[in-house]
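Engineer: Read top to bottom, the protein sequences are chains A and B. Letter 205 of the first sequence, counting from 1, is numbered 204 in numbering that gives the first Met the number 0, and no numbers are missing. Letter 35 of the second sequence, counting from 1, is numbered 34 in numbering that gives the first Met the number 0, and no numbers are missing.
Derived from the structure by calculation, the hints contain no laboratory data. Glycine is no exception: its CB is placed at the ideal position from the N, C-alpha and C atoms. Hints are supplied without guarantee of correctness; some may be wrong.
Distance condition first, Cα-Cα at most 16 angstroms in a straight line; then the derived EDC-like pairs of lysine to aspartate or glutamate [as the list claims (entries may be wrong)]:
| # | chain 1 | residue 1 | chain 2 | residue 2 |
| --- | --- | --- | --- | --- |
| 1 | B | Lys102 | B | Asp204 |
| 2 | A | Lys51 | B | Glu177 |
| 3 | A | Lys209 | A | Asp18 |
| 4 | A | Lys51 | B | Asp204 |
| 5 | A | Lys209 | A | Asp20 |
| 6 | A | Lys51 | A | Glu63 |
Label-pair ranges, simulated between beta-carbon atoms [said to hold, decoys possible]:
| # | chain 1 | residue 1 | chain 2 | residue 2 | range |
| --- | --- | --- | --- | --- | --- |
| 7 | B | Gln128 | A | Pro24 | 39 to 47 angstroms |
| 8 | B | Gly141 | A | Arg183 | 54 to 62 angstroms |
| 9 | B | Arg1 | A | His103 | 48 to 56 angstroms |
| 10 | A | His129 | B | Leu7 | 20 to 28 angstroms |
| 11 | A | Thr120 | B | Gly141 | 49 to 57 angstroms |
| 12 | B | Thr300 | A | Ala109 | 45 to 53 angstroms |
| 13 | B | Thr300 | A | Glu63 | 51 to 59 angstroms |
| 14 | B | Ser169 | A | Gly105 | 50 to 58 angstroms |
| 15 | B | Gly154 | A | Gly65 | 51 to 59 angstroms |
| 16 | B | Arg259 | A | Gly11 | 37 to 45 angstroms |
| 17 | A | Ser13 | B | Gly161 | 51 to 59 angstroms |
A few chain A residues that face chain B, going by a derived Cβ cut-off under 8 angstroms, partial list only [unchecked claim]:
| # | residue |
| --- | --- |
| 18 | Val238 |
| 19 | Gln242 |
| 20 | Gly243 |
Residue-level listing of the chains:
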Amino acid sequence: MIRIEGLSHAIGGSPILHDIDLTLPEGGVTALIGPNGAGKSTLLSLIARLQKIQAGRITVGGQEVGRTSDRDLARTLAVMAQSTHVSARLSVADLVSFGRYPWHRGRPGAIDRDHVEQALTRFDLLALRHRFLDEISGGQRQRAFVAMAYAQDTPYLLLDEPLNNLDIAAARDLMGLVRDMADRDGRTVVIVLHDINYATGFADRLVVLKDGRIAAQGQPAQIVTEALLRDVFGTSATVETLQGRPYVVV
Amino acid sequence: MRLAGAALLSGLWLLSLAIGAADQSLADLFLTPEGRALMLESRLPRTVAAVLAGVGLAMSGQVMQVLARNRFIEPMTAGAGQSAALGVLLCTLVLPGAAIGVKMAAAALCALAGSLGLMALIRPLPPTQPLLVPLVALVYGGVIGAVVTFVAYQGNMMQFLGTWLTGELSGVLRGRYELLWIGAVASGATYLIADRLSLLSLGEDAARALGLNVGLVTAAAVAAISVVTAMIVVTLGAIPFVGLVVPNLVARLAGDNLRRALPLTALAGAILVLAADILGRVIRAPYEVPVATTIAVIGATAFVVMLNRGRTRA
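Pulled out of the complex, with its shape left as it was, chain B reads as follows (with noise of 0.2 angstroms):
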């Protein structure tokens, strides 16, 4: 499975790589000093772009899931990709020439922020009714969202806000996505806990009667999935659904055990983000369909099959 999802991968990175509004062939890009030039400024940083997004968006949302201990839940939606939003909004507001970095901080703080409240919010649920965690997360996340939207009109920013929101690559330039390695690192470092997460998803008791410190691994993992989220959102916009549709996939067929299961998640997000980018780029050339469009339909038709057939099997 992973050397058939690997291969998949390179495959994409060549075809990204190849395609674009320049007609250049493949081995133009690699051979003509124009070529080269296109290739390092605009389609090698818009493909690392894609992968790392789709790494950082489906590993996050493995992993709040094992948090929420609740499969439908993933972070873009529930309110850290809102609050990261407020945050790179109030930051244009109040600091109009603020430097990336600062927008960055804010964004970050701002998604950490969100994720705690969101965590508070759904631990008392009852683990026996499972969809409450979905609709209190939704609920939270159209909330933040009704808040951003209300600070963008009074702000006068609306039209930034709609460009600026949806997730798209087509800005990717080099230079202007290198935040995403941050992000990068972050979902890596939830990988060297990952023993720990799996134990959390017995529950807070079960883990803690194994001597694990709950309070330390859970804040560790809501900081990585807001760093995350805030990287993603400041360098590209929203992408929902991949932090959704990937983990169950990857959780029908290899098990939630994250240890096996985040490698094959990072791989399969990257997939995703890569190919619905390409089709974005194909499907009406040479004009663009923002990333976030393509799996938004890509990934919500996934989860629908998805869930038909789960109820087959429960």
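Only chain A is shown next, with the shape it has when bound in the complex (with noise of 0.2 angstroms):
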């Protein structure tokens, strides 16, 4: 579970996210969406202890983010950052396989070689083991992330904007994975969407940001109306359902 409790942030003296109390559940992939500017990231990112709190408590699995050292904290979340940008060349190997350096501080064996070759199964990534990252697909890039993130082996994941240029093929295809380890794993994964139709698609809970603060929240088909779009995301858009799952009609 992750508790958020009256957190607040500001950055260079603007505010970015009010008092924001928030609890998920374990499990299920709950998605993060809001207008561009809405502070899904940087609350993501303080979930993530990748900027340091400033007022208000957050708990992962029971463990307090800033109490807990980084190397507690890397065994029990992994984060996709939204810039997936590395200038060394590495292969998807090579990355893949860092993800497994919580658990080993150095000196990978047996069992992290194992977690390796199996991310690399599930995320069709074998082919691929020995290309860098800068001779491959996007697609195949953001795959091969995921995949780190996913050897990491943690029970909670944190992924920002994983779609980001990614084509529709690429796109439904990291979605399916992840999915996949929601409901194969039982991990939980937390993941911030520009698209509300993929978000709507894929995830269990949505909760929707507006202005730094939490503007609904709930499963897709009770909170994505048209009501939403017109007060949350200023356009006026038409919402229809489909096996059970609203669609925005873009």
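Dock chain to chain to rebuild the complex, using the hints, since each chain is given by itself in its own frame.
Structural biologist: Here you go:
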């Protein structure tokens, strides 16, 4: 369970998050959505302790962020940052193996190699394992980064806009794999998404942020309405329901 | 690749022992007493110094490129080399009779300050503008270099500066190069933290998210780079380009996972410096061309070729 209490955050004097209280239960996929600048990425990076908490409290699986060592937290939650720009020439297998660092601290053993093989297999990267990250497509690269987070073998997984710049095949593929991690391995996934239709199509829960406050949260069918699009996103679009899930007609 | 490199290095090693002003055959060097003396006093130290310098320059270049997350930077030209020179110069002016140990410490401390200054300067630069880092480093190195020149001019030591700052190996004798072993130890230490450094190439946030102590690893790496650079500047002078060309070449072939890349970088660095020194000795024998000059010619050419090749790939 991720529990957030009274979380406020400001960057350079301008407030980004206002007094956020949020509890995310164990398991399933939770999507953070909201217009640009709503504070989604900031919230995610605060949970991932990549920024210092200014006011409020966050606990992940009972461990308080900010009071738990980086090392212990790295075995509890994995995070994939928004920008996956890496100038170093690393092979896909190198990258995925880095995800094991919190467990082996520099001395990889048989268990770590097993996990890496498993991650490469599951994310269909075996054929690409010796390719360098700058020689593969954007979709394959994003998949490699998610595979690295998977290999970290943590109960919690935070993904910041992993679908950035992906074509529809790569995006659907990746969301399917994310879904699978929640369903098959019981991992708790929190994912920042830009496209509401991907959120309603793949997530169990949505948390909608606007101007640093939670505007709505709940199951997609309950909260994605034309009123929400108008009030939060400032656009009047039609919402249709298909197979029990709401979709925004764009 | 490793085997071929090791064979090449061994060949160059023997060649380096065989070549010199005194006309001695390789067999004489081992068999006659004066041959042995010549070898132990001059040719072996020179060869060892070239290898150690090559290893240190190339490895510290690669480590700095990981820290800066930028391919086009190396400590010798990016402030650390100039700062080390400033340290020795100030030490020579203030404490003329200082022991070599004091000079060495002054150089290492100044190199450390110079490297930390550079890291602070380039840290806020956006990674989307990869050319900003080498530009800032170049200007920064140039400014410190100008201070060195100014101090030397005021202290009436311009001549000393010229001869001594150009990296060359002709003055290497037994007892005058052993500081390089300290640099070699520092280079070796970077290999021990190779896995951690590789994580840093993902970016600070990603490395922290994996539980890495980013501050500690960065500090250790900067210290190692500074020691290596200072030892080379104190014993041989400034040798540019090795730290730039070799890691780029190795990255192209073997990638940037340092556990795998650093040994290759060390090997290639040793080969480059030793080959350049041999070339400098034979090209207009019995006179010598400083190793820094030969490397500047070889290195700059290699780098331009590499940049052009890179453009077609990227």
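Engineer: Each of the hints needs a verdict: does it hold here or not?
Structural biologist: A quick look at each hint next to the structure:
no. : hint                                     : verdict
1   : B:Lys102 to B:Asp204                     : 38 angstroms, violated
2   : A:Lys51 to B:Glu177                      : 47 angstroms, violated
3   : A:Lys209 to A:Asp18                      : 13 angstroms, holds
4   : A:Lys51 to B:Asp204                      : 12 angstroms, holds
5   : A:Lys209 to A:Asp20                      : 14 angstroms, holds
6   : A:Lys51 to A:Glu63                       : 13 angstroms, holds
7   : B:Gln128 to A:Pro24: 39 to 47 angstroms  : 43 angstroms, holds
8   : B:Gly141 to A:Arg183: 54 to 62 angstroms : 57 angstroms, holds
9   : B:Arg1 to A:His103: 48 to 56 angstroms   : 25 angstroms, violated
10  : A:His129 to B:Leu7: 20 to 28 angstroms   : 25 angstroms, holds
11  : A:Thr120 to B:Gly141: 49 to 57 angstroms : 52 angstroms, holds
12  : B:Thr300 to A:Ala109: 45 to 53 angstroms : 46 angstroms, holds
13  : B:Thr300 to A:Glu63: 51 to 59 angstroms  : 57 angstroms, holds
14  : B:Ser169 to A:Gly105: 50 to 58 angstroms : 42 angstroms, violated
15  : B:Gly154 to A:Gly65: 51 to 59 angstroms  : 52 angstroms, holds
16  : B:Arg259 to A:Gly11: 37 to 45 angstroms  : 41 angstroms, holds
17  : A:Ser13 to B:Gly161: 51 to 59 angstroms  : 54 angstroms, holds
18  : Val238                                   : 36 angstroms, violated
19  : Gln242                                   : 36 angstroms, violated
20  : Gly243                                   : 36 angstroms, violated
The structure shown violates the earlier hints numbered 1, 2, 9, 14, 18, 19, 20.
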